[in-house]
Amino acid sequence: MLRWLLPAETRLIASLLIFASLLILLLWLPVMSQAKIDLSGAIRNDAVLIGTEGEPQFNNIVENKLILQRKAEDWKFYSDVRFYLYTGDAVGAIHTQKTGTSESPTDLSLDADYFLAKVLRVFVRWYTDSGDFTLGKTYVSFGNLGVFNPFEIDSSINVSDLSYTKDGLVALSYDLPLGDLSGLRVYVSPEAQDSEVSAGTGIFTNLSGFDVGMVANRAGRDDNIAGVYFKGDLELGVQGSYAYHFNDQAQDSYSEATLGLDYSFFEGEWLLGTQVYYNGNEGRGDRPVAPTDANTNTLNAFAQLDYAGFTDTYYLYGNLVHAPHEFFRFQLDAFVNLEDYSSLIVHTLAWVLSDGLNLSLQWMIPTGVGDTQYSREVLGKYIVLLRAEAKL
Amino acid sequence: MLKHVITLSLLLYLLPAMSQASETAKSIIEKVDKNQVFVTEKFTATMVITKGKRTLTKQFYGYGKKEGMKSFMEFTNPEDKGVKYLKMDDELWIYFPDADDIMKISGHMLRQGMMGSDISYEDMLENDSIDEQYDAKLLEDKKVGDRDCYVVELIAKKPDVTYEKQVIVVDKNWFIPLEIELYARGGRLLKKMSQTDVKKIGIRQVPTSITIKDMRKKNSQTVITFTEIEFDVKVPAKVFTKGYLRR
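Chains as they are written, first to last, in this note's numbering: chain C, 845 to 1236; chain P, 5 to 251.
Hints may contain errors.
[Stated by the list, open to error] 27 Å max Cα-Cα, derived DSS-like pairs, lysine-lysine:
#1 C:LYS915 / P:LYS242
#2 P:LYS57 / C:LYS1235
#3 P:LYS46 / C:LYS880
#4 P:LYS196 / P:LYS46
#5 P:LYS204 / P:LYS176
[What the hints assert, rightly or not] Label pairs and their in silico Cβ distance ranges:
#6 C:LEU1028 / P:ALA241: 12 to 22 Å
#7 C:LEU1051 / P:GLU232: 36 to 46 Å
#8 P:LYS70 / C:ASP1066: 51 to 61 Å
#9 P:THR59 / C:HIS1191: 26 to 36 Å
#10 P:THR59 / C:LEU1051: 34 to 44 Å
#11 P:ALA241 / C:VAL1056: 20 to 30 Å
#12 P:THR59 / C:SER1097: 55 to 65 Å
#13 P:THR48 / C:LEU1051: 33 to 43 Å
#14 C:ALA1094 / P:GLU232: 49 to 59 Å
#15 C:VAL1072 / P:ASN177: 53 to 63 Å
No wet-lab data here; the hints were simulated from the structure.
In this text, all values refer to a predicted model and were calculated from it rather than measured experimentally.
Note that beta-carbon positions come from the ideal geometry of N, C-alpha and C, so glycine has one too.
One chain only, chain C, in its complex shape (with noise of 0.2 Å):
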């Protein structure tokens, strides 16, 4: 549909041009003396223990993150730069992964540490009086921000970590504001799947209170997407969407849908939310919902479960959320199987310890059994995850 952007041939060049504007403004943004810098990060210690059949596994991550930010009236610089020193048994994963090898971790040695370094995001943003322009290494986002969301570009889903910051595209996108509440996205990016441009429009509004949207995109060879999307309320918090996916002929189609509801009780201390996954390419071999490099090399201490894969037609997930005040918050979150009614649960508690210094205490069971997806003997019995955070 959108092949005539840029032939397969012209990607190549495409990165190039795009990592050279970068690197031309990296150069020149650092003289602008009245931007201001702005640094801020995290350090982020994973101890992770892994029950399964054999001995328990466990595994230690330590993640830098380093906030860059430039800011002046017209333009944003911005970097997030991760640094990762992995431990344990997450380092035969790795090492697993990196290779492609089939050889099992335990293969391996497993006092060996891992290191890491990742840019995540790097990118300029202009703002125009025509619009607002971001090239480099970014989150281009259509849909609803959520758990699932057909339109997401890296739409994988870490079950451990819901919040987990994913990889960044390298991208030319543009906002083009039409009001207050409205307005139009585009974005071309020589990252795609068998060597072609991806690029894709999306256009949004309000409605009488509720946030719409329309979204066109490629995503690769054979790989098009169209639909829309919406977020609202009716007493309860509602949202849904719909995606249509077809190939370059306009075959071999078919759906993603969601519908998600929401409602806070006892004055917002208790919160309420589940969305119904609807995957029509179920057993067509493909995952809608699907890894990429990536989170794969970013690996967080669930190696085994970072991506369950929604490969089945129907999903359920459910969030309960209590937070009776900032220090302390209770969650649960569920995804089920809705076919096999395999399950699995991850249950937080989250403690803020003083500003900017958290703790939090998770564990993961899943509940099927034999072939099921979210079977213990093939994910573990359990995952027991402790963390502890610093922002700066």
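Fit chain P to the supplied structure of chain C, relying on the hints for placement.
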């Protein structure tokens, strides 16, 4: 002559008292509303949340515009750095810097404490006229510190307001509520607020410190201190747009 001087002195003494005595509940809240009227506002504030012996401090700045009841806020403390709010009438959107994306907040979630504080999103973003929302009844005067105050009971005109009943204690000279009690339907006391550190900003007397206690929570309170406030300053219209949240 002496008689005239005495009469004039008596008048000068009595006039303010007579003026105060003639205040009705409606005229008091009209003056309170008038005192709060602004075209635009710009502020910087600190919010200290206390639970028992533990405290958290959050910083934010923002803008407000009366027309269209628009507000914009951005948090600057490390924990919440870059989180932004946009309120348009009674709708609210939050920008998450980690996702570089915007989420519409469901209406029922506006009752939640903002950033876990004792003040809800509704409280923080409320800028409707009291007179438009409540019927007022004057109760017996009281003193707050050394300040003489009116006590006004407010009963909601419509069922869709946040608080069914309020009791506000209004300073007789400044026409600023120094104490506010907020009640739920059924008469349950939900929150107590006090406004202190009144400063003259432009033509207005403005309380720069607000203490909120959620009576359903034990040992909990939130103090918001405005370190800077300006009224009727020039605020670009683009501030109150979804596009501006991503800047």
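Verification of the supplied hints:
Only pairs whose Cα atoms come within 27 Å are accepted, and C:LYS915 paired with P:LYS242 is accepted, the gap being roughly 17 Å. Proximity of P:LYS57 to C:LYS1235 is assessed by CA-CA distance (about 21 Å); at most 27 Å being required, the pair is judged to hold. For the given pair, P:LYS46 sits about 20 Å from C:LYS880 by alpha-carbon distance, which is consistent with the 27 Å threshold. In summary, the hint linking P:LYS196 to P:LYS46 is supported, as the alpha carbons are separated by about 25 Å, within the 27 Å threshold.
The suggested pairing of P:LYS204 with P:LYS176 holds, with an alpha-carbon distance near 16 Å, which does not exceed 27 Å. About 19 Å separates the C-beta atoms of C:LEU1028 and P:ALA241, a value consistent with the hinted range of 12 to 22 Å. Remark: the range hint 36 to 46 Å for C:LEU1051 to P:GLU232 is upheld by a beta-carbon distance near 37 Å. Restraint check, P:LYS70 to C:ASP1066: a C-beta distance of roughly 53 Å satisfies the suggested window 51 to 61 Å.
At roughly 28 Å, the beta carbons of P:THR59 and C:HIS1191 sit within the given window of 26 to 36 Å. A C-beta distance of roughly 43 Å is found between P:THR59 and C:LEU1051, which places it inside the suggested range of 34 to 44 Å. Our hint of 20 to 30 Å for P:ALA241 and C:VAL1056 holds, since their Cβ atoms are close to 23 Å apart. Taken as a hint, the range 55 to 65 Å holds for the pair P:THR59 and C:SER1097, whose Cβ atoms sit roughly 56 Å apart.
The hinted range of 33 to 43 Å is satisfied by P:THR48 and C:LEU1051, whose Cβ atoms lie roughly 35 Å apart. Taking the beta carbon of each, C:ALA1094 and P:GLU232 are about 58 Å apart, inside 49 to 59 Å as hinted. For C:VAL1072 and P:ASN177, the Cβ-Cβ distance of about 57 Å falls inside the hinted range of 53 to 63 Å, so the restraint holds.
Comparing the model with each numbered hint stated earlier shows that all of them hold.
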